[in-house]
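Since the structure of chain A is provided, determine the placement of chain B on it from the hints.
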Amino acid sequence: MFDYGYLAPAMFVGLIAIMLFGFPVAFSLGALGLIFSVIAIETGYFTMAFLQAMPARVFSIMSNDLLLAIPFFTFMGVVLERSRLAEDLLESTGQLFGPVPGGLAYAVIFVGAILGAITGTVAASVIAMGLISLPMMLKYGYDVRIATGVIAASGTITQLIPPSLVLVVLADQMGISVGDLYLGALGPSILQVALFCLFILAVSILRPKLVPPLPKEARTLSGWPLIKMALWGIIPSLGLIFLVLGTIFMGLATPTEAGAMGAVGAMALAAVNKRLTKTVLWEAMDSTMRITAMVIFILIGASIFGLVFHGVEGSNWIKAILKALPGGQTGFLIFTQIFVFFVAFFLDFFEIAFIIVPLLTPVAKSLDINLVWFGVLLCINLQTSFMHPPFGFALFYLRGIAPPEVKSSDIYWGAIPWIGLQLALVAVVIAWPQSVTYWLGGGVQLDAGQVQQQLDNLSVPSIGGPAGMPGAPSFDMPPPPSFR
Amino acid sequence: MTKLLSISDAIDRFNKMMGIIAAWMVLLAVLVSALNAGSRYAFSISSNAWLELQWYMFSAMFLLGSAYTLYKREHVRVDVVYSSVGNRGRLWIDTIGFIFFFFPMVIIIGVMSWPYLKTAWVTGETSMHAGGLTRWPVWALLPIGMAFLALQGVSELIKRVAALMGVQELDLTYEKPLQ
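Heads up: the sequence lines are chains A and B, in that order.
Using this note's numbering, read the first sequence as starting at 1 and increasing by one per residue.
Using this note's numbering, read the second sequence as starting at 1001 and increasing by one per residue.
A portion of the hints provided could be inaccurate.
As the list claims (entries may be wrong) - Restricting the straight-line Cα-Cα distance to at most 35 Å, the calculated cross-link-like pairs of lysine-lysine (DSBU-like) are:
no. : chain 1 : residue 1 : chain 2 : residue 2
1   : A       : 407       : A       : 209
2   : B       : 1016      : A       : 278
3   : A       : 139       : A       : 228
4   : B       : 1016      : A       : 274
5   : A       : 278       : B       : 1118
6   : B       : 1118      : B       : 1072
7   : A       : 274       : B       : 1072
Read the hints as simulated data drawn from the structure, not as lab findings.
Just chain A, with the same shape it has in the complex (with noise of 0.2 Å):
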């Protein structure tokens, strides 16, 4: 336990404490790092100049290229989320699917996963599907608590269907590919569609009062009507996942001008609509910022805080622990799975994959995990930061444009089977790696690296090696300030 000292471990303790304090997070963590890296140097692990990186740090993030995709995806989710899309799609395939029994939930995860293919955020996908089909699921007599779960956990499965923030911001702190890691999850995301449709299925065999057809006098459109509305929601939803998706997998965009043309597509459609109105864009670009201040601030307490517990042997003291854990490979991933499901009850996505994720990829690197495979596993697992409840940001959406008599408790209690079908395909994945790296390998990518040697004429490497150390969060330096 203590063969690296006691600091390390003290931090780590200092970590949780803090944390729980309930001061916000970017400045406790930073002031954590700073505190104990005082003690650091009076014990003798580490000098001053050490600390003397810590600029460059986060000099470093500011010249990130692939963080740009947070504000990116943000700005498109928010537009995207006004410009009437999903109330096209989800209208439209309400009617077409609605005569079956679970018809209208079919719709919704359809639509999810649609939406997820469009955009990389959560809020867009849950807020418009709630809005639209809650009241119309409720109204036909569904059951609440199914209607309430169908539609968190669809608009949550943004988050793991390419091009998804999530993976992104993985891909960033474990210093690999985001293309190999959309890839990656192209699979599951296909098995986590099907598995919540088995449910809707398996609802509509058991128990079919749960979830009736849409009646007769409901379906108001049919024929050629039915089908131009489809058409109005499909064809510039194609087009949106081209403009993003496709031009990442066919090497024309890095994932951040991806993104950046996803938001401009976003912007279109919303003004075809007529719904681009400057408060709409205002509203879009100040919530845009706020998170991604609040997002960057925390990278930043998180890499002062890795650094200094880098510092104290932390890095090593962690990797000493779970390598110690039975079961090699296989022990490690049930043991890190479940770890995080639990302490996503506690932090967001973004806290975990700062704090918690550059401890454990190395741990993951020196017994031969494969990283894509690793990383497309925490996306799944984090799905559920999204529903736990009460703190899931899909549950507190939902929660916020629901109708009345709409029980917080049925919120709650409806996330619970689809917290299982998220933590089931973590299991499927587990067993069968190849759902994962089947689709690596082929396709052709392209990184900021490939980009900026397209433009470079002169022939000083650019983009640098690996920086930092390991454990601590890895990022392209940039090039190391001329000093004295």
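Just chain B, lined up with the frame of chain A:
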């Protein structure tokens, strides 16, 4: 105290303006990045300057916007304890947090980044990429951002202390910022 509160007010107004600048960076960065990618493939025109402008704007976005985010109380917390201690408890948590966590971190980063800015300025450091940008403006954003953030911290601390002394009300009920 009233004097302090009017200082706090002035700081809030100032950082709101910075917030507006930061919010515009979002739209500008989106446009620059999309145009950059588009023109690279449509016309094979592109430059490192545009590519670097993106992350200069990104830096401005979160460094200038962070103070306003603090004002809006949207830096995320773990609220297990915070939401159960009542308003007075929250005021104390914040007061202690600002003094012992927030100021040390923000001031130390700001001060430590100063030599980097000085070096970038003195040496006229530019990007290593052909046609890249001069580095000092983006280095300058770091101490500037931290200074504005520290200022906002002063304003927030004044408000908490005023509330603890009963001079004015401050409801710190915490709602998770949406993401």
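Evaluated hints:
Our distance criterion of 35 Å between C-alpha atoms is met by residue 407 of chain A and residue 209 of chain A, whose separation comes to about 20 Å. Among the hinted pairs, residue 1016 of chain B with residue 278 of chain A is consistent with the structure: their alpha-carbon atoms are about 19 Å apart, no more than 35 Å. Taking the CA atoms of residue 139 of chain A and residue 228 of chain A, the gap is about 25 Å. The hint holds against a cut of 35 Å. For the proposed pair residue 1016 of chain B and residue 274 of chain A, the alpha carbon gap of about 29 Å is at most 35 Å, so the pair holds.
Distance check on the hinted pair: residue 278 of chain A and residue 1118 of chain B sit about 41 Å apart at the alpha-carbon level, beyond 35 Å; violated. Our distance criterion of 35 Å between C-alpha atoms is met by residue 1118 of chain B and residue 1072 of chain B, whose separation comes to about 33 Å. For the hint linking residue 274 of chain A to residue 1072 of chain B, the alpha-carbon distance of about 30 Å falls within 35 Å, and the restraint holds.
Hint compliance for this structure: hint 5 is the single one not met.
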